[in-house]
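Engineer: Heads up: the sequence shown begins at 0 in numbering that gives the first Met the number 0, then just goes up one per residue.
One should not assume that every hint holds.
Claimed, not checked - Listed next, with one range per pair, are the computed distances between beta-carbon atoms:
| no. | residue 1 | residue 2 | range |
| --- | --- | --- | --- |
| 1 | A74 | Q38 | 16 to 26 Å |
| 2 | S10 | C97 | 27 to 37 Å |
| 3 | A99 | P12 | 30 to 40 Å |
| 4 | G101 | G39 | 15 to 25 Å |
| 5 | P76 | P125 | 30 to 40 Å |
| 6 | R29 | G101 | 31 to 41 Å |
| 7 | E31 | S122 | 20 to 30 Å |
| 8 | S22 | A100 | 13 to 23 Å |
| 9 | S24 | S122 | 14 to 24 Å |
| 10 | P76 | V20 | 18 to 28 Å |
| 11 | I123 | N67 | 14 to 24 Å |
| 12 | A25 | S122 | 18 to 28 Å |
| 13 | A25 | T82 | 11 to 21 Å |
| 14 | V53 | S10 | 19 to 29 Å |
No lab work stands behind these hints: they were computed from the structure.
Beta carbons are placed, not taken as given, at the ideal position from N, Cα and C, and that holds for glycine.
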Amino acid sequence: MVGYEEVPAVSSPGGGDFSAVISRSADEIRYELTYSALQGNVTQSHIHFGQKDVAGGISVFLCSNLGNGPAGTQACPPSGTVTGTIRPVDVIGPAGQCIAAGEFEELVKALRAGVAYTNVHSSIWPGGEIRGQLGDGRGQGADD
Numbered sequence: 000m001v002g003y004e005e006v007p008a009v010s011s012p013g014g015g016d017f018s019a020v021i022s023r024s025a026d027e028i029r030y031e032l033t034y035s036a037l038q039g040n041v042t043q044s045h046i047h048f049g050q051k052d053v054a055g056g057i058s059v060f061l062c063s064n065l066g067n068g069p070a071g072t073q074a075c076p077p078s079g080t081v082t083g084t085i086r087p088v089d090v091i092g093p094a095g096q097c098i099a100a101g102e103f104e105e106l107v108k109a110l111r112a113g114v115a116y117t118n119v120h121s122s123i124w125p126g127g128e129i130r131g132q133l134g135d136g137r138g139q140g141a142d143d
């Protein structure tokens, strides 16, 4: 994850990594998000629905310090690691892109197709300071 993948691109010293594993039954996704050296204070992080070089709507909150996430959303550390498990109840949309709340299968399809990305937002870059496109490039995804 880097600022150059943001839309528009951001020159940030920050960087990060995101990894996720879709369960064999495709009913949960275990993830780890790590980031550091951001210019601003971290405000929130999400998985968004959108292809490379396009801004898309939020599908899942990974963390938030704004109190705007669904119940149970964990706080974002200033830098470091966030881990968790995404289940159908965690998918919030984006309805404007034809993904309804709870449509976990659509999120899995988007991840496998490479049309989802992870974004870490900050106080200096509220639209996102670092971003990384997700997907394994094979169109099928690697399940555990």
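Engineer: Next, verify each hint and record whether it holds.
Structural biologist: These are the hints, each one checked on the structure:
1. A74 with Q38: 16 to 26 Å: Taking Cβ atoms as reference, A74 and Q38 lie about 20 Å apart, which means the hint holds.
2. S10 with C97: 27 to 37 Å: Cβ of S10 to Cβ of C97: about 34 Å, so the range 27 to 37 Å holds.
3. A99 with P12: 30 to 40 Å: 38 Å, holds
4. G101 with G39: 15 to 25 Å: Violated, since G101 and G39 (Cβ atoms, about 32 Å apart) do not stay within the stated range.
5. P76 with P125: 30 to 40 Å: 18 Å, violated
6. R29 with G101: 31 to 41 Å: Violated - the Cβ-Cβ distance for R29 and G101, about 19 Å, lies outside 31 to 41 Å.
7. E31 with S122: 20 to 30 Å: 24 Å, holds
8. S22 with A100: 13 to 23 Å: 20 Å, holds
9. S24 with S122: 14 to 24 Å: Given a distance of about 39 Å, which is not inside 14 to 24 Å, the answer is violated.
10. P76 with V20: 18 to 28 Å: 22 Å, holds
11. I123 with N67: 14 to 24 Å: Because 18 Å falls inside the window, the suggested range holds.
12. A25 with S122: 18 to 28 Å: 36 Å, violated
13. A25 with T82: 11 to 21 Å: 20 Å, holds
14. V53 with S10: 19 to 29 Å: At 20 Å between Cβs, range holds.
This entry does not satisfy hints 4, 5, 6, 9, 12, going by the numbered hints stated previously.
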